[in-house]
Amino acid sequence: MSDNYVPKSAVGRWFNERLPLLDLIYGHLMPYPTPKNLNYFWTFGGILTFCLVTQIITGLVLAMHYVADADLAFASVEHIMRDVNYGWLLRYIHANGASLFFMAVYIHMARSMFYGSYKEPRELIWIIGVFIFLLMIATAFMGYVLPWGQMSFWGATVITNLFSAIPIVGESVTNWLWGGYAVGSPLLTRFFTLHYLMPFLIFALVILHVWALHVPGNNNPEGIDVVKGSQDTVPFHPHYVVKDLFALVVFLIIFAGFVFFVPNLLGHTDNYIQANPLQTPEHIVPEWYFLPFYAILRAVPDKLGGVILMVSAIAILAFLPWLDTSKVRSAKYRPLYKQFVWLFFANTIFLGYLGAQVADGMYLIMGRIATVYYFAHFIIILPLLGYIEKTKPLPKSLSEPVLSKEEKEILASGATT
Amino acid sequence: MSDKPVTRRNFLYITTGTFTAAGAASLVWPFVDQMNPDASVKALASTEVDLRPIAPGQSITVLWRGKPVFIRRRTPEEISEAKAVSLDELPDPQDDSARAKNPEWLVMVGICTHLGCIPLGQKGEYNGWFCPCHGSHYDTSGRIRKGPAPTNLEIPDYVFLNDNTIKIG
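Residue numbers (my numbering), protein chains in the order written: chain Z, 2 to 418; chain W, 4 to 172.
Heads up, a few of these hints could be off.
Result set (SDA-like, lysine to any residue): computed pairs, CA atoms no more than 25 Å apart in a straight line [to be verified]:
{"#": "1", "chain 1": "Z", "residue 1": "Lys397", "chain 2": "Z", "residue 2": "Arg112"}
{"#": "2", "chain 1": "Z", "residue 1": "Lys328", "chain 2": "Z", "residue 2": "Leu385"}
{"#": "3", "chain 1": "W", "residue 1": "Lys45", "chain 2": "Z", "residue 2": "Asp72"}
{"#": "4", "chain 1": "Z", "residue 1": "Lys37", "chain 2": "W", "residue 2": "Arg12"}
{"#": "5", "chain 1": "Z", "residue 1": "Lys304", "chain 2": "Z", "residue 2": "Leu292"}
{"#": "6", "chain 1": "Z", "residue 1": "Lys328", "chain 2": "Z", "residue 2": "Leu125"}
{"#": "7", "chain 1": "W", "residue 1": "Lys45", "chain 2": "Z", "residue 2": "Tyr87"}
{"#": "8", "chain 1": "Z", "residue 1": "Lys229", "chain 2": "Z", "residue 2": "Trp127"}
{"#": "9", "chain 1": "W", "residue 1": "Lys45", "chain 2": "Z", "residue 2": "Ser77"}
{"#": "10", "chain 1": "W", "residue 1": "Lys86", "chain 2": "W", "residue 2": "Lys104"}
{"#": "11", "chain 1": "Z", "residue 1": "Lys244", "chain 2": "W", "residue 2": "Leu15"}
{"#": "12", "chain 1": "Z", "residue 1": "Lys244", "chain 2": "W", "residue 2": "Thr10"}
{"#": "13", "chain 1": "Z", "residue 1": "Lys9", "chain 2": "W", "residue 2": "Gly20"}
{"#": "14", "chain 1": "Z", "residue 1": "Lys37", "chain 2": "Z", "residue 2": "Pro239"}
{"#": "15", "chain 1": "Z", "residue 1": "Lys244", "chain 2": "W", "residue 2": "Thr21"}
Partial list, derived from the structure: chain W residues whose beta carbon lies under 10 Å from chain Z [said to hold, decoys possible]:
{"#": "16", "residue": "Trp32"}
{"#": "17", "residue": "Pro33"}
{"#": "18", "residue": "Phe34"}
{"#": "19", "residue": "Asn39"}
{"#": "20", "residue": "Pro40"}
{"#": "21", "residue": "Ala42"}
{"#": "22", "residue": "Lys45"}
Away from chain Z, derived, C-beta distances all over 10 Å, residues of chain W [as the list claims (entries may be wrong)]:
{"#": "23", "residue": "Thr10"}
{"#": "24", "residue": "Ser49"}
{"#": "25", "residue": "Glu51"}
{"#": "26", "residue": "Gly69"}
{"#": "27", "residue": "Ile74"}
{"#": "28", "residue": "Arg76"}
{"#": "29", "residue": "Arg102"}
{"#": "30", "residue": "Lys104"}
{"#": "31", "residue": "Glu107"}
{"#": "32", "residue": "Arg148"}
{"#": "33", "residue": "Pro151"}
{"#": "34", "residue": "Pro159"}
These are calculated hints, taken from the structure and not from any lab test. Think of the CB as a built atom: it goes at the ideal place given N, C-alpha and C, for glycine as much as any other residue.
Take these sequences, add in the hints, and give me the full structure.
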């Protein structure tokens, strides 16, 4: 990207000649050519990186005070809240940070779906992203178990029991996961270890994600290919550094709003009751970001079927680049897809709403309809649209859609003379 | 200094930079401060000790803030020995009366001032304490007499609540 970057200082030059690390960072952050029309939905990549780093730093600090033992975990979390200097702040940042991390990742994924960013040549970026999402789910779930409240305990019980749906070996697998015959200390300790490990795996995948992104370069709202270094691109710095930073500041204001004013809004009060293996809370729900998948799990009246469907709901995302048969990327030029993708987003949010309700009566029926629609979007609507949809003509450059008629004529005449 | 005019842009750069730096610094502090002794540790910062069971010539060791504290009821010989020493002989000159509020009771943090080991009682060339790690000799007032330790054994803050009870810390 930058063939001849030369650091200004002598030490920098000495270092860079031996290990071109500065060259690498410079190339990816400074002159990296970026489409000039990226909107604010493109700032979530930077916001997500910030979220990951925040979770790692606050998590590291919390781990200095937390004790992963069934008898001590709950008390150690209260110790963090009451005794440790700024412990309340660090824990509230970490807990709300997880929620905001998911909020940002859902917007990031929705952006990719809307503008067709997952399509050729960016399939691998998308697939790595799906794996990051999977790891995020696992990390968030295990993290929620650590405070060892009622929701932690029963959430862990329900989710680990999903594995008992596996035919024949199901019971042995759950016992292996638990390190016993029920959820208890051994499970808590191993969850803590894995919860500590996984963010670093995510970090490694994020590096691959960005590396793969910087090969073809960013997609853009028009969804057309841009030539790097042409009039359609601008250097990443300062244009998108400043735009990303501004978006991050707005995001931080919302983040701070949660942490300082409603730190427990997104949590569940039952998790401030210590885990009791003898009593299940009346109504157990996962964290909000898992609700759509939870609704899918409950929509099926069969244990194994529900588990398979829930896993498929996430796994099917990895096949999206091939399920969508249309060559046109951006929904701006796909009149039918534009409506269906909004319907898909609305349906997913509706599933989330249903996931928070008691699975009974009308809610159950609506849950089934919404689940069928979720899958129909991927395996019926998307493959068909590519064949039946009449797409709008694509612009030749990023400038074309925003130019007036006169400007276009000037350009055209300039091109001919 | 250059004679370029100060522009609006300069002002914006400096104010933005200052706010960012101040914000970052105030955000870093909680991450540093969380490692300082917390409220539950500070709550244990003082220890009360009942002195009645200790006979002359006996010592006990109590735990205060996670550190051993020697409480010794000194014999008259030990007291006179401590008082008889000329200050010129001491590497860290300190009068015995400055080390023991009540001459009978010597209260000291039982940690060698060299590198943190616990000295053994009534050992060494001066009949006081002897640190087995690197051979520091302390006298009957806990003052360093010989060896690598730089200073006398530390005297913690303590008060006699009554004749039979002291409060350390």
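The hints, checked one at a time:
Distance hint between lysine 397 of chain Z and arginine 112 of chain Z is fulfilled; the C-alpha atoms sit about 22 Å from each other, no more than 25 Å. Distance hint between lysine 328 of chain Z and leucine 385 of chain Z is fulfilled; the C-alpha atoms sit about 13 Å from each other, no more than 25 Å. Straight-line distance between C-alpha atoms of lysine 45 of chain W and aspartate 72 of chain Z comes to about 24 Å, which keeps the hinted pair within the 25 Å bound. Our distance criterion of 25 Å between C-alpha atoms is met by lysine 37 of chain Z and arginine 12 of chain W, whose separation comes to about 24 Å.
Simply put, lysine 304 of chain Z and leucine 292 of chain Z have alpha-carbon atoms about 18 Å apart, close enough for the 25 Å limit, and the pair holds. For the given pair, lysine 328 of chain Z sits about 17 Å from leucine 125 of chain Z by alpha-carbon distance, which is consistent with the 25 Å threshold. With a C-alpha separation of about 15 Å, the suggested pairing of lysine 45 of chain W with tyrosine 87 of chain Z holds against the 25 Å cut-off. Between the alpha carbons of lysine 229 of chain Z and tryptophan 127 of chain Z the distance comes to roughly 21 Å, so the proposed pair stays at or under 25 Å and holds.
Between lysine 45 of chain W and serine 77 of chain Z, the direct Cα distance comes to roughly 17 Å. Compliance with the 25 Å bound is thereby established for this hinted pair. Straight-line distance between C-alpha atoms of lysine 86 of chain W and lysine 104 of chain W comes to about 13 Å, which keeps the hinted pair within the 25 Å bound. Restraint check for lysine 244 of chain Z and leucine 15 of chain W: the C-alpha separation of about 17 Å stays at or below 25 Å, so the hint holds. Our distance criterion of 25 Å between C-alpha atoms is met by lysine 244 of chain Z and threonine 10 of chain W, whose separation comes to about 23 Å.
Between lysine 9 of chain Z and glycine 20 of chain W the alpha-carbon distance is near 22 Å, which keeps this suggested pair within the 25 Å criterion. With a C-alpha separation of about 12 Å, the suggested pair lysine 37 of chain Z and proline 239 of chain Z falls inside the 25 Å cut-off, and the hint holds. Proposed proximity of lysine 244 of chain Z and threonine 21 of chain W is supported: the alpha carbons are some 20 Å apart, at most 25 Å. Residue-level restraint check for tryptophan 32 of chain W holds (minimum Cβ-Cβ distance to chain Z is 8 Å; threshold 10 Å).
Checking proline 33 of chain W against chain Z: minimum C-beta separation of about 4 Å stays under 10 Å; hint holds. Interface hint at phenylalanine 34 of chain W: satisfied, since its Cβ lies 6 Å from the closest Cβ of chain Z, which is below the 10 Å cut-off. Look at asparagine 39 of chain W: its Cβ gets to within about 6 Å of chain Z, closer than 10 Å, so that hint holds up. For proline 40 of chain W, the suggested interface contact is upheld, since its CB lies about 8 Å from the closest CB of chain Z, less than 10 Å.
Satisfaction of the interface hint for alanine 42 of chain W is found here, the shortest Cβ-Cβ separation to chain Z being roughly 4 Å, below the 10 Å cut-off. Taking 10 Å as the C-beta contact cut-off toward chain Z, the hint placing lysine 45 of chain W at the interface holds, the least distance being around 9 Å. Residue placement check: threonine 10 of chain W keeps its beta carbon more than 10 Å from all beta carbons of chain Z (closest about 17 Å). At roughly 17 Å, the least C-beta separation between serine 49 of chain W and chain Z is larger than 10 Å, which holds for a residue marked as non-interface.
The non-interface label for glutamate 51 of chain W is consistent with chain Z: the shortest C-beta to C-beta separation is roughly 22 Å, beyond 10 Å. No Cβ of chain Z comes within 10 Å of the Cβ of glycine 69 of chain W; the nearest lies about 16 Å off, and the non-interface call holds. Residue-level check passed: isoleucine 74 of chain W sits 29 Å from the nearest beta carbon of chain Z, beyond 10 Å. Arginine 76 of chain W, annotated as away from the interface, keeps every beta carbon of chain Z farther than 10 Å; the closest lies near 36 Å.
Here arginine 102 of chain W stays apart from chain Z, with its beta-carbon at least about 34 Å from theirs, past the 10 Å limit. Non-interface status of lysine 104 of chain W relative to chain Z is upheld: no Cβ of that chain comes within 10 Å, the nearest being about 33 Å off. Under the 10 Å C-beta cut-off, the non-interface status given to glutamate 107 of chain W relative to chain Z holds; the minimum distance is some 39 Å. Under the 10 Å C-beta cut-off, the non-interface status given to arginine 148 of chain W relative to chain Z holds; the minimum distance is some 41 Å.
No Cβ of chain Z comes within 10 Å of the Cβ of proline 151 of chain W; the nearest lies about 34 Å off, and the non-interface call holds. No Cβ of chain Z comes within 10 Å of the Cβ of proline 159 of chain W; the nearest lies about 23 Å off, and the non-interface call holds.
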